[in-house]
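2 protein chains.
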Amino acid sequence: MTRLAIIGLGLMGGSIALALKQKSFDGHIIGYDAQAASLQAAIASHSIHEATSDMGTAVQKADVIIIAAPLTAYSTVFSIICSHLQPSAILTDVGSAKTSVIHLAQQALGDAFSRFVPGHPIAGMEKSGIQAANPHLFQDKLVVLTPAVQTDKEAIKIVTQLWEKLGACVEQMDARLHDKILAATSHLPQMLAYTYLQTLRTSQEFPQLLKYTGSGFKDFTRIAASNPALWAGIALNNRDALLQELHQFRQHLDELIENLSTENDQALQSSFTTAQLAHEKSRN
Amino acid sequence: MTRLAIIGLGLMGGSIALALKQKSFDGHIIGYDAQAASLQAAIASHSIHEATSDMGTAVQKADVIIIAAPLTAYSTVFSIICSHLQPSAILTDVGSAKTSVIHLAQQALGDAFSRFVPGHPIAGMEKSGIQAANPHLFQDKLVVLTPAVQTDKEAIKIVTQLWEKLGACVEQMDARLHDKILAATSHLPQMLAYTYLQTLRTSQEFPQLLKYTGSGFKDFTRIAASNPALWAGIALNNRDALLQELHQFRQHLDELIENLSTENDQALQSSFTTAQLAHEKSRN
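As given, the protein sequences belong to chains F and C, one line each in that order. Read in order, the letters of the first sequence are residues 0 to 283 in numbering that gives the first Met the number 0. Read in order, the letters of the second sequence are residues 0 to 283 in numbering that gives the first Met the number 0.
Watch out, some of these pointers could steer you wrong.
As the list makes no split between identical chains, a pair holds if one copy fits it or if it spans any two.
[To be verified] Here are the simulated lysine-lysine pairs, PhoX-like style, with alpha carbons at most 25 Å apart:
hint, residue 1, residue 2
1, Lys126, Lys217
2, Lys126, Lys140
3, Lys210, Lys126
4, Lys217, Lys280
5, Lys210, Lys164
6, Lys140, Lys280
7, Lys156, Lys140
8, Lys217, Lys152
Derived by calculation from the structure, the hints in this document are not laboratory data.
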């Protein structure tokens, strides 16, 4: 029987526990969280068998450990894990940035690094915390694993099967490429939504102007409801790739400002059309 | 019996016609469009009584004229209207920018300018054209009228009643304030969505990276499906207010880049929190 520890019972950890229960996982699930309320919620939903607020206890009992903590907590998490880890235990995580996580793991885990399978489910929402957990969160979603050259093949297989059990499709990718792609498809839009709302907030007409928003505004800003601390952690952990995207964006923004200033109708239409066609491609 | 002319049977004009029909408007509706297919679609839906591809014909028969053409066509539309207008006819429009429209109308309409009631329904969608028209588009939506000092009170009353009949709430506002607010709540996010997709389009990983997008991406980019020519017209017609918003945004973007470059966790969290709280306010 697999003994599975989930480190962190937020949206991700809580959803993994609920999905395992829903898919009739036949192992034993130990949930760790620093907050008693999260542990209680997981116990109340019968999605974990055992709850502990001591990470070491959870880790030392486990064959498979899923790190579902915020990226900013990883360095603490790895240091506790490495002193309680069973010799053959397998580790994985759900962090949105992978190069920095691999770097940390390599430094902290020693020999156990080869049994760490870095992972990232492309699934989430603007809500956070176990109250937003959902057993269907990973159904038909993509989970990207970014193993290093030394990562144990058997460990990759076990983690892959675990995600597949939860309804996800699993794909392997180079960690750097993952970080570059996610910077463009996820981290950049998150930064833009935040920055847009900051701009709105500093307007003289705030908050009166909120009355004059439509459905476009609502959808465009939905992700700005996301947890600021979590996202500061993601941004910092994928700093280089994200900065590159931000600079690219700023260059296009400067072109737009220039074209609008000079009333270059043709250039505006042409760039909007490029964008519209790219959007169309994303809908296929 | 009111004789109403709708100039332009796109999403807006087509929806007005459908809504009037649904609300059992007892007047006579004349639809104008340059495209035969749009006229045919309006006739086929029985939402207009008469179709014409000659704008002058539509105008000279009408007591009330609704301009529902793209902003870029306004200068042509006004010049045709002013040579066919009945002496007591009332005019209104649905354009997303108002200062520039008022300026044009003032130059083109002469005495008739006092019977022009500039208007803007805060309702729309990323789709355009009569095939996207919807009789419920204005239900419980806000319509902002931006009359000038010389605008006839009776004309304002008639246009107000017309929109209220279609289910909308009507409010009056200074045209400059309207343009400033809409630049912030609607035109800026549209520019950002387009610019974001342009950035994505120029990535080396395009289009492969589209596979790694989630529901956040989908909502954030929905408005990028909007018509490029229409939006170039809106941007140019609200150039000054929009440029101001773009510069404000750019300043906040530069701060973000700076904070991320220097790994200023606290500053990042603080600005994301400002944004999250502003977003929360928009959901109330």
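Do the hints match the structure? See the list:
In the homo-oligomer, the alpha carbons of Lys126 and Lys217 lie at most 25 Å apart both inside one protomer (15 Å) and across protomers (16 Å), since each shortest distance falls under that limit. Proximity of Lys126 and Lys140 under a CA criterion of 25 Å is satisfied intra-copy only: 18 Å inside one chain copy versus 28 Å between copies. Proximity of Lys210 to Lys126 under the C-alpha cut-off of 25 Å is found in both arrangements, the shortest distances being 24 Å within a copy and 23 Å between copies. When the C-alpha separation of Lys217 and Lys280 is checked against a cutoff of 25 Å, the pair qualifies both within a copy, at 23 Å, and between copies, at 12 Å.
With identical chains, the CA atoms of Lys210 and Lys164 are at most 25 Å apart between copies only, with a shortest distance of 21 Å across copies and 45 Å within one. Taking the shortest Cα distances, Lys140 and Lys280 sit within 25 Å of each other inside one copy (19 Å), while across copies they are farther apart (31 Å). Taking identical chains as interchangeable, the C-alpha atoms of Lys156 and Lys140 lie at most 25 Å apart only when both belong to the same chain, with a minimum of 18 Å there against 54 Å between chains. For the identical chains of this complex, Lys217 and Lys152 are neighbours neither inside a copy (45 Å) nor across copies (35 Å), given an alpha-carbon limit of 25 Å.
Checked against the numbered hints listed earlier, the structure breaks hint 8 alone; every other hint is satisfied.
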